[in-house]
Amino acid sequence: MTSQLIISVGREFGSGGHEIAKDLAEHYQIELLDSNLLTEVAKHKELELHHLEGLEEKRKIKLFSRTVRGFSSSPEENLALLQFDYLQKKAAEGNSFVVVGRCSENILRKFKCLISIFVLADRKCKMERVMKLYEMSESMAEKYIRERDMERKRYHNSFCEGKWGDSRNYDLSVNSSKLGLDETTEMLIEYIDRRRKK
Amino acid sequence: MLAQIFAVVIFVAMFIFIVTEIVERHVVSLICAALTMILVFGVGMGSMEAVIETINIQSIFRTEFWYMTGEGGAGSGINWETIAFIFGMMVMVEGMARVGFFRWLCMLIAKLVKYKVISIFITFMVLSTILAMFIDSITVILFLVAVTIELAQLLKFNPIPMILAEIFCANLGGSATMCGDPPNIIIGTSLGYSFGEFLGNTGVIAGVAFLAVVPYFYFAFRKELLVNGSEAVDYRSMPSPASAIQDKKGFIISSVIFICTVILLVTHAQTGLTVSSIGVLVAIGTLVTAGKSAFVLLKKVDYKTLLFFVGLFVVIGGLEQTGILEMMAGFIGHISGGNIMVMIAIIIWLSAIASGFVDNIPFATTMIPIIKSLSVAYGVDLSVLAWTLAMGTDIGGSATPIGASANVVGVATASREGYIIRWGLYCRKMVPATLMVVLISMLVIYVRYL
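As they're listed, the protein sequences go chains A and B. Residues 1 to 198 (this note's numbering) make up the first sequence, in order. Residues 199 to 648 (this note's numbering) make up the second sequence, in order.
Any given hint could turn out to be false.
The following residues of chain B were derived to be distant from chain A, with all beta-carbon distances above 12 Å [stated by the list, open to error]: (1) Ile220; (2) Thr598; (3) Pro599; (4) Val606; (5) Gly616.
Each pair of labels, with its calculated beta carbon distance range [as the list claims (entries may be wrong)]: (6) B:Ile328 to A:Met136: 24 to 30 Å; (7) B:Gly528 to A:Leu47: 38 to 44 Å; (8) B:Ile328 to A:Arg146: 52 to 58 Å; (9) A:Glu151 to B:Ala467: 36 to 42 Å; (10) A:Ile189 to B:Val311: 42 to 48 Å; (11) A:Lys89 to B:Gln256: 53 to 59 Å.
Think of the hints as simulated: they come from the structure by calculation, not from any bench. Predicted model only: the values in this text are computed from it and were never measured. Beta carbons: idealized from backbone N, C-alpha and C, even for Gly.
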């Protein structure tokens, strides 16, 4: 791997976005940053992980936070900014990586090597995946998907100008139910390879 | 009646919008000010006189704006004296920050106590209190927290306890003087009290409270601070205080201006200079000596806060002109049955609890006409109510992470370095400290003035 590559993967809950991101990272032999991002940040800052847990990808609660001269008291917002700083620093140092969510398509957009993807899926596929993965009933899975997507949407939209899932914010939006996860990944690899030749 | 309804609706809407932060607070207050002008003074009252009185621009051209003539108080409407003073202090503080004054001071103290964690903990509490008596608590906390985190990383201790203690002390120090905290500036200029009068009253209360606060935080945090912080330190590896100074000449000038400002404030009752004169003088002194950097300093002034004040004064003016605040004063007087002890208890606890959740500046501004009415209606010494209000609003703000500006800045600065301070962690130690100090303040007021 000679030239820098950053792949940002936004995803709907249950769409298989994480698996696709993992496969892309494996294919290009680059680091995957998803839930482990918190551990990375804690390690980088020499902090204990439990101080940072429970706040990830959550929007700030306006009623319980205040902003003074650009400083926010919101733990959720501060953790998000901490992660954004970490990602930007990592990118500026020339590292290649795949990052899942974390408004990465927005905060890393100044890097020319960024390829941003949003993975969505049909409702039925998402339900099946979530029911199998989390051993849930249909009604529970539906509720869980709705809540998680709403959480991600609120988190994303509170930090970014563009809306979560809006195809105009990403280089490519893809429905993973149409080709399945493996073929979708293959298609994305072809797209990424072409992009890198440009 | 219509004007009163408009005034209350605008006021409540302003508070809701400030709390929810949908729009920046200066925009909210200015829009609400415009609505007050149109709906309350125009449609409701049809009074051009009320508009002129609330804008209060004529006050700037009166002698008492610049020089004390014995007529106390800035009256109702926009308190230009507060705005001129805060502007001047903002310029001075920016000048001091530019040359590295605050970082130098923190590093010097850490060096003087030989980088011993407990000694730094106690001296930084003292430093936070003293600096906040003269400089806005946001600046004090901004620099103290940054240095605390730097020292914590070098000395391997948890900075959160120290940061919390510094925040509390900044708010306590702010309560001690007229220029320490915005509510005090507004109370002082609105009611015509001097720096010396604040120091001799809220200063004494804060001093007594400080004697309880230091042991409280020491015993509350001693174990956490000593976990790693007792290891021997190689002094040579620590950053030298001199390295903090960015511009030696500017540093000397800033230090001189700061000392002169403190002298002018302490002696302003004797010299006759009002705080607005001092603010303007300090700003001119800083800008003239800053040379080419003057424009940078002017750019850095927090104009949004100044505009917020302007809008706020107009909205509160609407409540005042329509008699709403007088009604609220009547309500407090009624509950207390005219008993001053109950009145003090209501004012101090109401102010403290409210300031824990909402911005204490609009709250204090709203309460000033109320305590004025209470004083007139029940023959209570206005100054006692003023000190009560100042202590309640200044100290109550310490209870939650959103209660005062210093808390927000301290929590945010620490969190951005990964030391995330959540509500639970914050309130566990700060709520008892706040309750303790509010109680001490109330008892001191009872013993001293009743």
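Assertion that valine 606 of chain B lies farther than 12 Å from chain A (Cβ): 4 Å, violated
Verdict on threonine 598 of chain B as a residue remote from chain A, using beta-carbon distances over 12 Å: 9 Å, violated
Outcome for the supplied range 52 to 58 Å, where the beta carbon pair is isoleucine 328 of chain B and arginine 146 of chain A: Holds, at about 54 Å.
Supplied distance hint 42 to 48 Å, evaluated on CB atoms of isoleucine 189 of chain A and valine 311 of chain B: At 60 Å between Cβs, range violated.
38 to 44 Å as the expected CB spacing between leucine 47 of chain A and glycine 528 of chain B, which holds or is violated: Given a distance of about 54 Å, which is not inside 38 to 44 Å, the answer is violated.
Chain A versus proline 599 of chain B - minimum CB to CB distance exceeding 12 Å, so not interface: Per Cβ check, proline 599 of chain B is inside 12 Å of chain A; nearest 5 Å; violated.
Check on glycine 616 of chain B being off the interface with chain A, judged by Cβ distance over 12 Å: 4 Å, violated
Outside-interface status for isoleucine 220 of chain B - nearest CB in chain A farther than 12 Å: Violated: least Cβ distance 8 Å, not greater than 12 Å.
Range hint 53 to 59 Å (beta carbons of lysine 89 of chain A and glutamine 256 of chain B) holds or violated: 54 Å, holds
Supplied distance hint 24 to 30 Å, evaluated on CB atoms of isoleucine 328 of chain B and methionine 136 of chain A: Violated, at about 59 Å.
Outcome for the supplied range 36 to 42 Å, where the beta carbon pair is glutamate 151 of chain A and alanine 467 of chain B: 57 Å, violated
Checked against the numbered hints given earlier, this structure breaks hints 1, 2, 3, 4, 5, 6, 7, 9, 10; the rest are met.
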